[in-house]
Every structure is written in structure tokens, then in C-alpha cells.
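Engineer: Using the hints provided, position chain B relative to the given structure of chain A.
2 protein chains.
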Amino acid sequence: MQNNLFIYNTLSKKKELFIPIHPPFAGIYVCGPTVYGDAHLGHARPAITFDLLFRYLLHLDYKVRYVRNITDVGHLENDADEGEDKIEKKARLEEKQPMEVAQFYINRYHLLMNKLGVLPPTIEPLASGHILEQAKLISTLIKKGFAYKTESGAVYFNIKEYQRKYESYGRLSGRNLDDLYSNTRILQGQSEKLNSFDFALWKIADSNHLMKWNPYPFRNGYPGWHLECTAMSTKYLGKKFDIHGGGIDLLFPHHECEMAQSFAAYGKDSVKYWMHNNLITINGQKMGKSLGNFITLEQLFKGSHPLLNKDYSPMTIRFFILQSHYRSLVDFSNESLLAAESSLTKILKAIEIIKKIKPSNTSTLDINSLNNKCYEALNDDLNTPVLISCLFEGVKYINSLNEGLDKINSDDIETLKNLMNTFVFKILGLENEKNNDKDEPFIEELIDASLNIRQIIKLNKDWSTSDKIREELNKIGILIKDRKNDVGWERE
Amino acid sequence: MQNNLFIYNTLSKKKELFIPIHPPFAGIYVCGPTVYGDAHLGHARPAITFDLLFRYLLHLDYKVRYVRNITDVGHLENDADEGEDKIEKKARLEEKQPMEVAQFYINRYHLLMNKLGVLPPTIEPLASGHILEQAKLISTLIKKGFAYKTESGAVYFNIKEYQRKYESYGRLSGRNLDDLYSNTRILQGQSEKLNSFDFALWKIADSNHLMKWNPYPFRNGYPGWHLECTAMSTKYLGKKFDIHGGGIDLLFPHHECEMAQSFAAYGKDSVKYWMHNNLITINGQKMGKSLGNFITLEQLFKGSHPLLNKDYSPMTIRFFILQSHYRSLVDFSNESLLAAESSLTKILKAIEIIKKIKPSNTSTLDINSLNNKCYEALNDDLNTPVLISCLFEGVKYINSLNEGLDKINSDDIETLKNLMNTFVFKILGLENEKNNDKDEPFIEELIDASLNIRQIIKLNKDWSTSDKIREELNKIGILIKDRKNDVGWERE
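Just so you know, the sequences run in chain order A and B. Position 414 (the first sequence) corresponds to 414 in our numbering; numbering is contiguous. Position 134 (the second sequence) corresponds to 134 in our numbering; numbering is contiguous.
Excised from the complex, chain A in its bound form (with noise of 0.2 Å):
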């Protein structure tokens, strides 16, 4: 088994090899969505690079425990602490129960994001579920000195005190405390905070905030929303782990956050590997509601959004995606999905192809090698592109061994199949959504059965009747091709 896998670090600025804290375990918290609407492209991205991640590490037979949360709660508005709990809000415009809301949107989520091929997490934690780790862990933040409880009821993270203490806010994002400062409005209601930069741990929830807890001692509030991610990280994967990723919009001030938190709680850094997706953009413009270039991922799927040339199937999308490296900008078009759904078609047909393919005694080409660069190209950053690039030099062999101009022996033809099938459908995780139909083999077995009878007709030399054959099996896309001993068909 290959054991070089090497990722960046968004904290060392380095590729690192990695080497997990318990081996054979390896243990991922990937911030997941808050569900207050319909999962959109930004949602694609994160989850199907951390999936990518998640499927590697277990064909490498990591036993793979992967954390992925659902913030059902305490996600504001601006991340200034400030406005109305998401949720709520929408709650309210839907006359709906906070958590109604909530669940709709996680069904949602989960039917879309299996569209997509992204496999479910092994533990799948909601915010609201957890708000005693939460409180215990504000317990020890001002034990520790760093968390202030204010007159309201509410509690912050002291900033100037960690900075103070660590000198490390700020390590992550590479953002400068000072310059962080002089740029800060004071807004409405932050006259609580001791410094405009610290940020809350617990809420106090106004008379119309419906969900609202009382872990003792704090009472009718919530949680800050940096809070779950730390509380339940280390809850499930323990207070130092592996794996911690997310998109790069979630830096900062989110995962600055969280480190300050456990490192003020523990004294350590709790994350040995902090991994960031970088976003997409539509047509090289940033996703924005205001922008009307908002494109979910069910209008994706149905070409039902004005930007839209047509629909793109979860496979387009997601390989799509995969085409790009995870560190790289995105942009999103209809050329460039239309490209990625070319592709992907190729790569697809060229695996069927290989399935008849029969050996030689000797081989022309070099498969070991190629299986080599595309563990390469993987133990390297993920690398996708290069991963892709390699699956296509394995696609341009299997139609030069189709047309003759090749030949393989019959473990190369092994080598090459099992390649192709562990990278495209194992690894990165695409499905030919035309095999999905239970219906394929009969399929099959209705047109083998109009060429035999074309077969008995062309026996009876009645050509006139076997080209009508040929001209109905068209008109339905069926491309009949007649070769030296037998009868190939290919469906359009």
C-alpha cells in the first residue's frame, strides 16, 4: 500500500506528509452546511473534495472516522455576532417550527449531496445536539481566563487575553491582530464586547428566539456559532486529531476561531492538519444572491436557472469539480461544463471498451508506470488534474489496443481495468449514470435480439429488409456496425 500521501497545510504553508496521530486511524471534522436553504454550488465543492479525501484514506485502509456537522443553530447573519439566527429567520417566513426547517433542509442535503456521489460521514453531529459539550467548554474558557461573562448573561472570547498569553491569534488566517482593529466598524449592540474583536461564545436569546437552552450556568441563550466545531471535534475524534477542513471562506474568522478555542481550552493546537477547498466562481464573477447568479445545485441538475444552457447531470458537476486541483479558483460556465461532460463521457465509453478488449501475448505499453503517476498525482496534494490527465493517457491506450495499433497481455489488461475502475468510480467517486438503469442488461438483450433476426434476414439475402432494420435501430439511436466476423452496435 502506498503510504506518501502528502497535503498542504494551510497552517505550516507546507506540504507535509501525513502521518496520522493513531495509525491505522486517521480521524477528519470538515465544517458541513447550516441548513437554512438549498444546498448550491459553494456546498458541491467542499463536500467532494473532503469525500475525495475520505475515499483515499480508505483504499489506503486508514479505518477513516470522518465528522461532518450540520449547524442547525447560531449561524448569524454577519459573522459581526450580530442580526438574526438563520434558521429562525427563515422559520419565521415560513411559519415553520425552527427545527422543521432545519430537518427539510438536511433531507435535502443528504438527497443532494448523494446525487452528487459524496458518501455520508461516519458520525454526522448537529449543533443543537450538543450544547453541554458546548457549555462545558465556555466553563473552561473562563476558568482559564479567557472568556468574560457580561451583565446580559452573555460570554465572549477575550482576544486581547489569548493574543496576550500565545501571541497566536491570527496564526492560521495570517491575519494581523492591529490591522484587524483599525479596520473594524463598531456596530449596533457590540458595547458588551471588551475589545470590537471578540467574539461570542453564548447568546442571549431575545423574548421572541425560540430556541433557546439553559445549560447550567449559563441560562436562555446559544451558543456562538465557533463554538460547535471545537466542541464537536474533539468530542468525537478527541482533543487532538488528524484532519480539519473546510473551504477557504471559512478561515477566517471561523477556523482562526476554533483554533483560538482550543488552544486557550487545552493549551495545544487540537488540529494537526488544516486543509482548505478554494471556492468557485460564475463566470468569474463570486456567487451572490444579490448577483442573481445564485445557482443551486437542483437547478443545476434540472438546467432551470437563467445563467443555464442546459442541465448538467451530478456526475458533470462532480467531475467538473475534480478537474481543477481543491487549492485552485473555480469558474464556473456552460463552455466549461459542457468540456467536463465531454470528458467524463470518454473516460467512461473508454472502460467499456476495455471490457472486450482481448490480449496479446506481449504488451506495447507501459501500464505499471502509469499506475504509478496516478498514485503520484493523488500523493500529492490530491492532485486531480494530473490524477485525470494520467486517466486520459489510460484512455488514449485503451482506443489505440481497440483499433489494433496496441497490444497488451493479460496482466497488463488486469492492471489497466483495475486502474481505471479503483481511480474513476473508487477514488474520485463518478458513477456512469447511464448503468443506473436496472434495465441496461434487457437492453442489451432487445437489440442482440433485432441483429439476430437481422442476421436470419441477411442469411435470406433479403438486404432491403435488413437495411430497414438498420434505419429503425437509427432513427432510435442505435448506430448498427457491421465488421469483419460479427456485428457491433453502440447506443448514442
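Some hints here could point you the wrong way.
One copy or two, it doesn't matter: identical chains are merged, so the pair holds either way.
Listed next, the in silico SDA-like pairs over lysine to any residue satisfying Cα-Cα at most 25 Å (straight line) [to be verified]:
1) Lys115 <-> Glu431
2) Lys481 <-> Ser333
3) Lys373 <-> Glu393
4) Lys468 <-> Asn379
5) Lys63 <-> Asp38
6) Lys13 <-> Leu57
7) Lys13 <-> Met211
8) Lys239 <-> Ser290
9) Lys240 <-> Met211
10) Lys272 <-> Gln97
11) Lys96 <-> Ile21
12) Lys356 <-> Glu376
13) Lys89 <-> Pro23
14) Lys417 <-> Ala205
15) Lys212 <-> His22
16) Lys149 <-> Thr362
17) Lys13 <-> Glu472
18) Lys272 <-> Pro24
None of these hints come from the bench; they were simulated from the model.
Structural biologist: Chain B in isolation, oriented as in the chain A frame:
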């Protein structure tokens, strides 16, 4: 809209008119699965029964909040509050964190329920996510004098005190407390209890117990099983809600204890209507792991259990369960499943046939009366066997119309179509599993192409080839029917 639904209330032992507390809202709480193993037949019945209720109330235009919990903690191996937590035991066997085991079986449960056409509930709370709410309920019970803390820190519900004040323990299940006392064995570890029938509200975790919490003022433990349902039902539906459902096996002690808890805490019954589905036996025997007749849903769908002659599709199972009234015992056998499969096929075929029936000027059939009978059946405590017999009346009508023995006008055709579609698909939640193939239209095109070719050959008077086409199609299960004016076909 029909508004005379009667449901059998286990508490009053009578059929009662359903009048929701806050119309147009209707609140339902149903005890969901304990997630320590794969869902089996015993899980299918309550899920399908209350899915029917959920669908019917939605059809009647109620705004339904349907809460079905997941027990991921605290359900002990035997009902006497001793033994090892089922999920922990499984985790130890599988060398995983308890939450990994729970998550695995939650995902499996969702997948299997989805196959059975069971809609997701509107809120699906986890017991482990509501420890605070449970602790609060314990505090209330202690304050009101119905619970006591032992030296170890455990808390028990005081049944004698409850009985002294309210004389109502046993009111739901019909059990008599004195009889219960005389039949109780004294189990190990029960010495802490004041009375052998007191049940645990808070248990102290031993040193290797992984699932434990510290909700002030309770320490180092986990809630008793009965507690979660009272805490979560009242949290999401209010202290008084409409319907509480579950299997009859939960009537005692679980629901009796729930009822005692909420009555003791709030001084009134929380539940207006208690509904219980009956059990499933296998060839006349109770299902049990030790009896070797424990059949999981997966095994049923695959036919992979020694007791099964073949595989049975999810919709066959669903129809089989709905064929009996939910309060009747259902006996499971290959014969009865085959019969269900065949009956369902007849109904689905009729729904296909009706699409092609052409209207006359008059009707010889009374469709409105049939429509009313369908509603009457469901309004009579969800009497699905009567509903299904009405649907078979509809099938008879359709077949008779198809054979030209009866006539129907265009309004009545619409009513009949609508009736069949509404009750079969929307309310009974059945699906035509064959229609799930997206390639169905393509298969029709392919078969039509073959028949077109055969038509050409017949025009050429090449009878031998024409027969061969019939044979080729016959081989793969397509039966050709030469009729007066055209050619039909049917897929076996």
C-alpha cells in the same frame, strides 16, 4: 374536504372523532428505531402505519408536524433498567465509537424506509441530542415529589407516590400495579430502588461506559429510556399534543411510563389520542433472533433468508402490511407475500389500462359512490383492508370498461383516475416499481421498432422470419399479440 376521521384511542378503548387541539395543525409523535442493528420487519409496520396516517392527514389538508425520534442512547438490553446499552454493546463488538454505530444504522434505516416509500418525518430528533431537555424533566419530577435521587446519583421515578396521588399508573395499558408487584423478580442491582417497579430516569455510567453526560445537577451518566420520548414530544409538539403512536409492544412499560412522566410533571395527559399498531408474526411465531425467524428488510428485498422462497420488493412488503388493518395481527408467510405481490400487480395494471380508456356519453358505473366508500374506509380508523377492497372494485370497473362491458363519461373517467391515483400512490404510498426505470420509454421504442420490422416482413409474406421475430422476443419475455387492426405486446 372530508372531516370525519375516527381513530381508535388506546386510552379510551373507543373509536373517537379526530379533533386536533390547534387546527389546522396536527401533531404526531411516533417512537422510532433504536439504531443498533439493521431494520427488520418489526420496524416496517409502525413506520408504514404512521406514514399512512401522516399522508392521510396531509391529504385532508392538515398542517402536520410529524416527530419520529431516534433512540441512540439509553435503551437497555432488558426493560428492568439493567444490562448494557444496546448501542454501546454493538460498538464494543465492532470496535467503534457508539456514535459511529448509531450513525451507520441511522443511514441504513433512512435508506430502507425510503425504499418502503415511507416519507421522512418533519422532525427526527436524537435522544443523545436532547440530554438537557431530559435533565430538566428529571428536575421537575424531583421537585414535584415523583422522583428520587439515590446515593449513587441515579434517579428513579417513584411509582408508589404517583399511584398514591393520581391512582393512574396502568391506565393506558390496563395493567394492575398489584398484579405487577406480585409477578416481579428482584433483579441484581435493583436494591437502589424504593420499589421494584420504579423505573430509571438517570443512570450512573460505569468506568468503561462511553456515552455519558453531566447535565447539572446530574453527573456522569445517561437518561433512562422512557424519558426521551416525553422530553422530545413535548419540546416539539407542546405539553398537550394530538397523537402518540407506536407498536403495541411499546404499550407497556414504555408508553405507560411516558404517560406517568408527563402526567406527574405537568398534571395532565400530554397525549389526546394514543394509537398502537399490532405486531407481525412469522408463520404464526413471534419473531426473534433465537428462533431463527428474524428477517431483516434487506434480506426480504434480496430473498436471502432460509425462510424466504424468493425476493419480495419493497412495495410488495408495503402492500402486504397495508392489506391488514393496523390493529390486527399480521402473519407473514411466502404464500401471503406472493398473494400481495399478485394483488398489487393487478391494481397497478388497471391504473395503466385506465389511461387508454375512451369516454362515452353516459356512465353505467357509480364512481362517486365508490369514491365516498374509499374515504369512509380510511375515516373508519384507517381501515386499509376495506379501502383496498374498494380499490379492487375500481379494478373490476376498469377491466369491465376495457372489455367494453361498461360505459363511462369523461367526468367519471377523471374521477376514477383521480381516485385510483390518489388512494394508491398518494395515500397508501405505493409506487409502480417498474416505472422507476428511466429507460422504460426507450424500451417501448425498441420493441416498437422490432414490430415495425416484423410488419414489413409480413407485408413481404415472409411468414417464417416473422415467426422468428416472435420467437426471439418471446425468449426475452416479450409476448406479441396479433390483433385485428394492430399488434400489441406485453412484457412478462
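Engineer: Now, for every hint given, state plainly whether the structure supports it.
Structural biologist: Structure-based check of all given hints:
Proximity of Lys115 and Glu431 under a CA criterion of 25 Å is satisfied in both settings, with 10 Å inside one chain copy and 21 Å between copies. In this assembly of identical chains, Lys481 and Ser333 lie within 25 Å of each other by CA distance neither inside one copy nor across copies; the values are 35 Å within and 51 Å between. In this assembly of identical chains, Lys373 and Glu393 lie within 25 Å of each other by CA distance solely inside one copy; the values are 10 Å within and 67 Å between copies. Proximity of Lys468 and Asn379 under a CA criterion of 25 Å is satisfied in neither setting, with 54 Å inside one chain copy and 58 Å between copies.
Taking the shortest alpha-carbon separations for Lys63 and Asp38, only the inter-copy value of 22 Å comes in at or below 25 Å, while the best intra-copy value is 32 Å. Taking the closest pair of Cα atoms, Lys13 and Leu57 come within 25 Å of each other only inside a single copy of the chain (22 Å); across copies the shortest separation is 57 Å, beyond that limit. For the homomeric pair Lys13 and Met211, neither the shortest alpha-carbon distance inside one copy (39 Å) nor that between copies (38 Å) is at most 25 Å. In the homo-oligomer, the alpha carbons of Lys239 and Ser290 never lie at most 25 Å apart, since the shortest distance is 40 Å inside one protomer and 42 Å across protomers.
For the homomeric pair Lys240 and Met211, the shortest alpha-carbon distance between copies (20 Å) is at most 25 Å, but the shortest distance inside one copy (31 Å) is not. In this assembly of identical chains, Lys272 and Gln97 lie within 25 Å of each other by CA distance solely across copies; the values are 21 Å between and 39 Å within a copy. For the identical chains of this complex, Lys96 and Ile21 are inter-copy neighbours only, at 17 Å across copies versus 44 Å inside a copy, given an alpha-carbon limit of 25 Å. Taking CA atoms no more than 25 Å apart as the test, Lys356 paired with Glu376 passes in neither setting, with 29 Å inside one copy and 60 Å between copies.
Taking the closest pair of Cα atoms, Lys89 and Pro23 come within 25 Å of each other only across two copies (24 Å); inside a single copy the shortest separation is 44 Å, beyond that limit. In this assembly of identical chains, Lys417 and Ala205 lie within 25 Å of each other by CA distance neither inside one copy nor across copies; the values are 59 Å within and 52 Å between. In this homomeric assembly, Lys212 and His22 come within 25 Å of each other (Cα to Cα) only across copies, at 24 Å, whereas the closest approach inside a single copy is 38 Å. Taking the shortest alpha-carbon separations for Lys149 and Thr362, neither the intra-copy value of 76 Å nor the inter-copy value of 80 Å comes in at or below 25 Å.
For the identical chains of this complex, Lys13 and Glu472 are neighbours neither inside a copy (61 Å) nor across copies (66 Å), given an alpha-carbon limit of 25 Å. With identical chains, the CA atoms of Lys272 and Pro24 are at most 25 Å apart within one copy only, with a shortest distance of 16 Å there and 53 Å across copies.
Hint compliance for this structure: hints 2, 4, 7, 8, 12, 14, 16 and 17 are not met, and every other hint is.
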